[in-house]
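Novice: Residue numbers (our numbering): 224 to 381.
Keep in mind the hints are simulated off the structure, nothing from the lab. Treat the hints loosely; a few may be bogus.
Claimed, not checked - Pairwise CB distance ranges, derived in the manner of DEER restraints:
(1) N354 to Q287: 30 to 38 Å
(2) D293 to N354: 18 to 26 Å
(3) M229 to R361: 17 to 25 Å
(4) N322 to E258: 32 to 40 Å
(5) S280 to K241: 33 to 41 Å
(6) N354 to P381: 22 to 30 Å
(7) D302 to G340: 29 to 37 Å
(8) N225 to R364: 18 to 26 Å
(9) E251 to D332: 18 to 26 Å
(10) E258 to F351: 31 to 39 Å
C-beta: ideal position from N, C-alpha, C; glycine also.
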Amino acid sequence: MNYLPMEKYTKAWIFRHKDLPVSAEDLEEIKPLSEKRAEQIWSEHISRGCSHPEHFSGDDWVGQDKNWVDKDYWQSAWDSSKEALPPLLEEFLGNWDDNVTVYFCYQSDHILETKWGIFRHHWKNFLFFDNGPILLGRKRREVVQFFENGSYRIGRRP
């Protein structure tokens, strides 16, 4: 089994928050990965050597400055009453179709799968946990990493 039912996902409250509710229809499109599937995605696309964003090394593509092209801040857009992504992020990923499968990777055993359109609409919910998660798209090189100081960086996977 690749997915956990949302009712068994221990952090599902981020999608039921009273200030940022997610419709039942959209919630069906947000799929927590099983631990085994999450570890497979993490190993294939992020790191074989570390399990958490706080531990990346120079051996991991994420830990190499050459793979990151720019940075900006997400906090003011998150605090806004508008749902729009921060402008640099929207520009960087603006050519992604709404149906592109994306993975929001908190750590090796904690990954959510959804579609770009769903993520773009509910990105604030995903960032209730902001200690280094990585957004990547299936068959896409563009990546984004978010940090708890309200910043993010954009780059390309090798």
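Novice: Against this structure, judge whether each hint is valid.
Specialist: How the hints compare with the structure:
{"no.": "1", "hint": "N354 to Q287: 30 to 38 Å", "verdict": "20 Å, violated"}
{"no.": "2", "hint": "D293 to N354: 18 to 26 Å", "verdict": "21 Å, holds"}
{"no.": "3", "hint": "M229 to R361: 17 to 25 Å", "verdict": "21 Å, holds"}
{"no.": "4", "hint": "N322 to E258: 32 to 40 Å", "verdict": "26 Å, violated"}
{"no.": "5", "hint": "S280 to K241: 33 to 41 Å", "verdict": "40 Å, holds"}
{"no.": "6", "hint": "N354 to P381: 22 to 30 Å", "verdict": "24 Å, holds"}
{"no.": "7", "hint": "D302 to G340: 29 to 37 Å", "verdict": "23 Å, violated"}
{"no.": "8", "hint": "N225 to R364: 18 to 26 Å", "verdict": "23 Å, holds"}
{"no.": "9", "hint": "E251 to D332: 18 to 26 Å", "verdict": "23 Å, holds"}
{"no.": "10", "hint": "E258 to F351: 31 to 39 Å", "verdict": "20 Å, violated"}
The earlier numbered hints that this structure contradicts are 1, 4, 7, 10.
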